[in-house]
Amino acid sequence: MTFTFTGRLFETATGENGAWVFVALPARDSDEILEIVPARRGFGSVRVTAIIGSSEWTTSLFPSKELGTYILPVKRQIRLQQSVDTGDAVQVSLRLMDN
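Here this note's numbering is used: the first residue of the sequence shown is 1, the next is one more, and so on.
Wrong hints could be hidden among the right ones.
As the list claims (entries may be wrong) - Computed beta-carbon distance windows for the label pairs:
id : residue 1 : residue 2 : range
1  : Glu56     : Asp85     : 29 to 35 Å
2  : Ser55     : Gly87     : 17 to 23 Å
3  : Glu35     : Ser83     : 34 to 40 Å
The hints are simulated quantities; they were obtained by calculation from the structure and are not laboratory data. Beta carbons are placed, not taken as given, at the ideal position from N, Cα and C, and that holds for glycine.
Kindly generate the complete structure, drawing on both the sequences and the hints.
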């Protein structure tokens, strides 16, 4: 199953390891993923193939209690390849993988 949405990149500080950049999924997509993948991996993560622009990579979605939705980490390498950074809106396509 594929989900496509537009979201804004945001940064979350993680202490001495620097910061992570994420994009939050729309609540309706997160709710649907919860129904499709009831048995999730560690930390409630869900394996996906993510696409932003011409960059495609395998990663995991993580539940955010604070936002009430899943969040997708966007690696620095992907942000550089697509010339995007914190605050930018990006179009994302996600394909669920066998968990």
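Structure-based check of all given hints:
1. Glu56 x Asp85: 29 to 35 Å: 19 Å, violated
2. Ser55 x Gly87: 17 to 23 Å: For Gly87 against Ser55, whose Cβ atoms are near 18 Å apart, the range 17 to 23 Å holds.
3. Glu35 x Ser83: 34 to 40 Å: 35 Å, holds
Checked against the numbered hints listed earlier, the structure breaks hint 1 alone; every other hint is satisfied.
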